[in-house]
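J.: Sequence:
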Amino acid sequence: MEFLLHRRSSSPLSSFEANDKSTVRPCPPASPPATLALPKQMKRISEAEMGGKQAETSNPRDRGSSIWCLLVLVIGALVVTAAALTILKYLHFSKNNEAHPINKKYADALELALQFFDVQKSGKLVDNRIPWRGDSGLQDGSEENLDLSKGMYDAGDAIKFGFPMAFTATVLSWSILEYGDQMNAVKQLGYAYNSLRWITDYLINSHPSENVLYFQVGDPGLDHKCWERPETMTERRPVTQVNTSFPGTEVAAEIAAALASASLVFKENDPDYSSSLLTHARQLFTFADTYRASYSISIPQVQGFYNSTGYGDELLWAASWLYHATRDDSYLRYVTDLNGQRFANMEITTWFSWDDKLAGTQVLLSRILFFGAKDMPTVENLDLQMYRKTAELVMCGLLPDSPTATSRRTDGGLIWITEWNPLQHAVASAFLAVLYSDYMLTSQTETLYCSGNSYKPDDLRNFAISQ
Numbered sequence: 001m002e003f004l005l006h007r008r009s010s011s012p013l014s015s016f017e018a019n020d021k022s023t024v025r026p027c028p029p030a031s032p033p034a035t036l037a038l039p040k041q042m043k044r045i046s047e048a049e050m051g052g053k054q055a056e057t058s059n060p061r062d063r064g065s066s067i068w069c070l071l072v073l074v075i076g077a078l079v080v081t082a083a084a085l086t087i088l089k090y091l092h093f094s095k096n097n098e099a100h101p102i103n104k105k106y107a108d109a110l111e112l113a114l115q116f117f118d119v120q121k122s123g124k125l126v127d128n129r130i131p132w133r134g135d136s137g138l139q140d141g142s143e144e145n146l147d148l149s150k151g152m153y154d155a156g157d158a159i160k161f162g163f164p165m166a167f168t169a170t171v172l173s174w175s176i177l178e179y180g181d182q183m184n185a186v187k188q189l190g191y192a193y194n195s196l197r198w199i200t201d202y203l204i205n206s207h208p209s210e211n212v213l214y215f216q217v218g219d220p221g222l223d224h225k226c227w228e229r230p231e232t233m234t235e236r237r238p239v240t241q242v243n244t245s246f247p248g249t250e251v252a253a254e255i256a257a258a259l260a261s262a263s264l265v266f267k268e269n270d271p272d273y274s275s276s277l278l279t280h281a282r283q284l285f286t287f288a289d290t291y292r293a294s295y296s297i298s299i300p301q302v303q304g305f306y307n308s309t310g311y312g313d314e315l316l317w318a319a320s321w322l323y324h325a326t327r328d329d330s331y332l333r334y335v336t337d338l339n340g341q342r343f344a345n346m347e348i349t350t351w352f353s354w355d356d357k358l359a360g361t362q363v364l365l366s367r368i369l370f371f372g373a374k375d376m377p378t379v380e381n382l383d384l385q386m387y388r389k390t391a392e393l394v395m396c397g398l399l400p401d402s403p404t405a406t407s408r409r410t411d412g413g414l415i416w417i418t419e420w421n422p423l424q425h426a427v428a429s430a431f432l433a434v435l436y437s438d439y440m441l442t443s444q445t446e447t448l449y450c451s452g453n454s455y456k457p458d459d460l461r462n463f464a465i466s467q
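Those letters in the sequence shown? Residues 1 to 467, per UniProt numbering, in order.
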């Protein structure tokens with residue numbers, strides 16, 4: 001069943017400074033920033049340790065969110081998704097298959113969420129809806145002969161972090177693919193397309209050759225001390241790359257997932273662009289898989305911001321999106337063979353976030369069983385059943401009256417995993433719950449069983465609305 005649901009060199013690395021964050025000082029002059037020399041030999045850790053999400057950082061605040069940044073961009077993407085999914089409370093997949101009117105408050109929420117992307121844009125802004133935003137970052141990447149002017153700033157700063165930005169694009173693509181009709185009904189689909197392409201244009205330009213990927217623009221240590229608007233920046237902004245000498249599996253794989261999912265979005269209206277996205281996605285996945293290492297280990301300076309706890313989930317996530325984009329069975333075998341056994345953590349529930357994609361992967365692969373597994377080889381079908389079983393465990397954990405319901409909630413029922421950016425997990429969980437609910441409705445799957453108790457698609461939707 002196709003998306004939509006409702007419509008049948010390496011050049012030297014330029015590293016950022018590790019500065020003290022305790023004081024604010026004037027912005028630096030327009031001169032090259034100091035850089036830290038990267039060690040000639042990096043410590044390598046085993047795939048079981050780093051690939052499988054077992055690695056823990058010494059600082060507990062590092063796990064699950066950035067220490068200083070607010071993840072505003074990522075949360076914004078998920079708010080877009082939440083707004084879209086809540087609109088779908090009025091799906092035409094209701095029991096009587098009749099369409100319902102869209103609730104205006106959710107349509108307004110979607111419009112405001114998409115305006116957030118316009119607020120965060122870097123580059124040459126044309127017809128931007130935000131009157132107080134102007135051109136910025138026009139020289140980003142120029143010292144490497146790259147145009148990295150587009151993309152989006154992470155939060156209230158002017159840093160472009162490729163890892164969470166790519167996750168934003170992947171989730172936004174997924175939202176458009178499944179719920180684009182609802183976005184279009186409230187005249188917001190064009191804005192969603194525009195914001196997605198603003199990111200993917202940047203991601204394409206950040207990948208100048210097969211095994212080189214620029215994943216960051218700016219020095220967060222300097223930027224977070226500098227009180228200025230992006231439009232008035234004059235300092236030179238370093239760019240940081242991963243390559244064969246300093247690999248970054250999770251960031252390369254996440255960007256591969258972003259470009260593969262976006263290729264589906266643009267496939268009908270811009271096939272040439274879609275093909276370009278898919279070419280980069282394939283190359284980046286091969287790079288990520290061939291040169292396995294965490295970017296947090298290769299380039300330790302990133303640990304203070306978007307520290308990764310492992311890359312195995314991103315490899316499975318990217319392969320899953322590449323399978324949906326290409327129908328190339330090699331990507332399906334990738335997630336069902338040895339790599340699935342190594343990285344999937346079957347029957348162990350996780351929280352979907354910018355750092356951990358396992359729950360999202362499980363729901364995405366479940367989609368195949370809901371809609372398209374009739375001619376699949378038995379072995380691969382059985383392996384996919386394990387992904388679906390784990391996805392069901394995730395859903396059962398979210399339902400508040402399930403025997404296996406998570407206790408990690410506020411007294412009012414809000415999913416609460418960490419005090420750092422707490423809404424990201426609540427909204428991400430709501431998104432997955434509505435997707436799974438709609439997959440059940442569309443495939444006429446009436447019941448979800450949780451330790452002997454039975455639940456309907458509406459129960460998942462009600463949980464999502466409660467968040």
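Because the hints were derived from the structure by calculation, they are not lab data. No residue lacks a Cβ here, since even glycine has one placed at the ideal position from N, Cα and C. Any given hint could be a false lead.
To be verified - Below, simulated BS3-like cross-link-like pairs (lysine-lysine); rule was C-alpha separation at most 25 Å, straight line: (1) Lys104 to Lys225; (2) Lys456 to Lys389; (3) Lys105 to Lys225; (4) Lys187 to Lys104.
Claimed, not checked - The following label-pair restraints were derived from C-beta to C-beta distances: (5) Asn453 to Glu268: 18 to 24 Å; (6) Val379 to Glu210: 27 to 33 Å; (7) Glu143 to Glu268: 45 to 51 Å; (8) Glu446 to Met346: 22 to 28 Å; (9) Gln341 to Pro403: 24 to 30 Å; (10) Asp328 to Lys105: 38 to 44 Å; (11) Ser275 to Gly452: 44 to 50 Å; (12) Gln444 to Glu231: 49 to 55 Å; (13) Pro400 to Arg327: 33 to 39 Å; (14) Glu419 to Leu112: 50 to 56 Å; (15) Glu347 to Gln444: 24 to 30 Å; (16) Glu446 to Glu347: 19 to 25 Å.
J.: Now tell me if each hint is right for this structure.
T.: Here is what the structure says about each hint:
no.	hint	in the structure
1	Lys104 to Lys225	violated, 41 Å
2	Lys456 to Lys389	holds, 16 Å
3	Lys105 to Lys225	violated, 38 Å
4	Lys187 to Lys104	holds, 12 Å
5	Asn453 to Glu268: 18 to 24 Å	violated, 42 Å
6	Val379 to Glu210: 27 to 33 Å	holds, 32 Å
7	Glu143 to Glu268: 45 to 51 Å	violated, 38 Å
8	Glu446 to Met346: 22 to 28 Å	holds, 25 Å
9	Gln341 to Pro403: 24 to 30 Å	holds, 28 Å
10	Asp328 to Lys105: 38 to 44 Å	holds, 42 Å
11	Ser275 to Gly452: 44 to 50 Å	holds, 49 Å
12	Gln444 to Glu231: 49 to 55 Å	holds, 53 Å
13	Pro400 to Arg327: 33 to 39 Å	holds, 38 Å
14	Glu419 to Leu112: 50 to 56 Å	violated, 25 Å
15	Glu347 to Gln444: 24 to 30 Å	holds, 26 Å
16	Glu446 to Glu347: 19 to 25 Å	holds, 23 Å
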